[in-house]
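Colleague: Protein sequence lines correspond, in order, to chains A and B.
Note that the first sequence covers residues 2 to 435 in my numbering.
Note that the second sequence covers residues 2 to 435 in my numbering.
There's no promise every hint is true.
Given that identical chains are not distinguished, each listed pair holds provided it fits within a single copy or across any two copies.
Below, simulated EDC-like cross-link-like pairs (lysine to aspartate or glutamate); rule was C-alpha separation at most 16 Å, straight line [unchecked claim]:
hint	residue 1	residue 2
1	127	377
2	258	328
3	127	380
4	48	60
None of these hints come from the bench; they were simulated from the model.
Protein chains: 2
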Amino acid sequence: MRRSRAFIPTTKEVPNDATLPSHQFLVRGGFINQQGAGLYNFLPLGKIVLEKIRTIVKEELDMAGCNEVQLSFVTPIGLWDRSGRADAMGKEMLRIQDRHQNDFVLSPTNEEAMVELVKNRVTSYKDLPLNLYQINTKFRDEARPRYGLLRGREFLMKDGYSFHASTEDMIREFDLMEETYKKIFTRLGLDFRVVQADSGAIGGEGSKEFHVLADSGEDTIIVCESCDYGANIETIFDNEEEVDALNEKTYEELQTKEISEKCSCGGNLSFKKGIEVGHIFQLGTKYSSALEANFSDENGKPRPFEMATFGIGVSRLVASVIEQNHDENGCIWTKETAPYTINIMVSNIKDETQMTLGEELYLKLLGENVEAMFDDRKERFGFKMKDAELIGFPYTVIIGKELDNGLVQVYDRKTQEKISVKTGDIYKHIMELI
Amino acid sequence: MRRSRAFIPTTKEVPNDATLPSHQFLVRGGFINQQGAGLYNFLPLGKIVLEKIRTIVKEELDMAGCNEVQLSFVTPIGLWDRSGRADAMGKEMLRIQDRHQNDFVLSPTNEEAMVELVKNRVTSYKDLPLNLYQINTKFRDEARPRYGLLRGREFLMKDGYSFHASTEDMIREFDLMEETYKKIFTRLGLDFRVVQADSGAIGGEGSKEFHVLADSGEDTIIVCESCDYGANIETIFDNEEEVDALNEKTYEELQTKEISEKCSCGGNLSFKKGIEVGHIFQLGTKYSSALEANFSDENGKPRPFEMATFGIGVSRLVASVIEQNHDENGCIWTKETAPYTINIMVSNIKDETQMTLGEELYLKLLGENVEAMFDDRKERFGFKMKDAELIGFPYTVIIGKELDNGLVQVYDRKTQEKISVKTGDIYKHIMELI
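Please model the entire structure based on the sequences and the hints provided.
Modeller: This is the structure we're talking about:
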């Protein structure tokens, strides 16, 4: 992409309500902008990142044997009456009325619709297991939408639902999804932990959360330093006030607090702050029983499906990458999430030699399908450099004064190191980096 | 995909309200199911087709220099008050209230939001032109939702908006988009016509529609048999009653009607029935003036953007392909839209030789990234054949009794021809077909 032709409205202005780095830098870097309370638009750079994350989620789920579907976003209230959640979901579930005064909701989750879809269409144990998922818009009417993409009202979520003939098979799928989720978050380049969790309004027995570690995380988790044990503090402290008080504390404050429990492996436990980006639940027959969704077992007897459900906050992940990867100058995208891997910056676009090299390199990279941005704007070097740091391209190739000595610089956004490379070696150097 | 593990709930039952072939066959073939009036779920096969169409639309637009964004689906009513369309859009625009009694709408289109996005972010003629698009959910509260995906309430639409410093440049982009749309519909394998059209509620001066020719089309168009002239009859007949009367007529009835106009090229004009799948508008400054969205021209003078807008009915295209391509047995997908190109059908799965060849061929095709379905179900041959016709795979490889003579059959869904191929040649034969 030529920067002079791109729509990337970067700005110095910090939105009034933006307290978190991801909120500030995603708006300032021209990735998103606010349409209304808890409502965000994705601009070209933000849309690219969102689609990269969506693609990784889809690839790993498809490889694990899941089937993608897409349910309607507006769903009839009747679905929710039948499961008993019309009331239980409270005000977060936004009710709407169409022109004929029929009642609908903006889907906050889709257990009911998915059970209705499978009911009477999957009738035998022979057709099980089945794991259906969608990556689709959700709406939850948060009382206080805040933190940019982290607690918006409209968001993109991957929600998956599996159907089984036995509890054992459901648990097998639950474990498979845990492994699949780990692959997804690993590919995204995130430092994360899997922890024991409460099931909340979704219901069911066992549940696990996936937390991206970040000082700004809303949740407090306890993790073992020696094994892979981890738990949301909600599952450890019975007292709600104690949980709230811990969640109010900053990461630094938590480090001074002793933990009386001992991990069963004998390792030290410590507090971490986390952003919940995934949640998997063993549902059992809660929804299939309520909605009378049965299959015939080996003896021809009708039985309700054993179910599990699996969620990933896809648009929330865009912000989570930045909460974990940023500095005071802006975003630091991981390789798999960066909107463009290489930024080619011509220091002085009036210098024909600089521009010629820039153009050559840009076209060569495009030819190799390398995602390259070509900053060909007539702006000062310092301005363009700040802009590149704010956006957070992993690597910037600086074509400037050193070109007289046959050299260009390669700037690494993460390490902030700048190294000189001979112009003849730059293409090879880039291909090795990426 | 192994058919025994896929969720493709085909059925003989025709929905009560399904009068059109696409509605009947998409439901019967397990592509979609109805969630509520004008609300549809896409099941795995339907989702694959939808994504194939979305991908082609995106590829062609990106190649034409457009930038993809994603605006929030729920938008504040204030946007629509400012443009004056809060009233003009009527009851099709569904109004909703959040928990704080603030008013929002489910986006039926996004001119206002897009102008607000560009306003104050693109400030100079140097940053123009700009063409932003999204492929996103829309909602229109139709009084009588019907015809399955053709006139639903919630649907997937590509809506693009371009911004220019002059009328000339806007018209250049309008022409470029006409060419781009032609490329898209051609790649999809559709027989379509571009026609002069009314601008309706969107407003503006010039507009063109893209119609997929199909006897069941809701619109009546006039096309020249000798040149590329075409027009929606709305632009030709002043009398609304006459237009309605013509639209009521079937394709056959229209063929007996004489057309008094003569094409300027001297060619014969004839009536056709069409499904509107695209619409492009020259907007001028209607929205930019109303929303005070200006740029500085060469003399530093503020001027409202010249705009154009471009729509494609993405989910409607799924149905349009079938309205144009079907027979009494079911769907006939075009190569670019088929959910799977090759269907491998083992006639008797208890016959080890048949199954071995089926498995071998299936895995070999998967290895070459050929989209293959492997019908390994324990069902009668006739049942599986009917199922394949209903779904509409372009080619079915039948591994049956003829295997004893070293032959398999390849069935072409469109021509209904079945030819015998030596088992040793089948892989090569398939690769030549696709």
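Colleague: Determine for every hint whether it applies to the structure shown.
Modeller: Status of the hints after comparison with the structure:
1. 127 x 377: So residue 127 and residue 377 pass the 16 Å test across copies only (13 Å; inside, 60 Å).
2. 258 x 328: neither (27 Å within a copy, 72 Å between copies)
3. 127 x 380: between (65 Å within a copy, 13 Å between copies)
4. 48 x 60: between (18 Å within a copy, 15 Å between copies)
Of the numbered hints stated above, the single one contradicted by the structure is hint 2.
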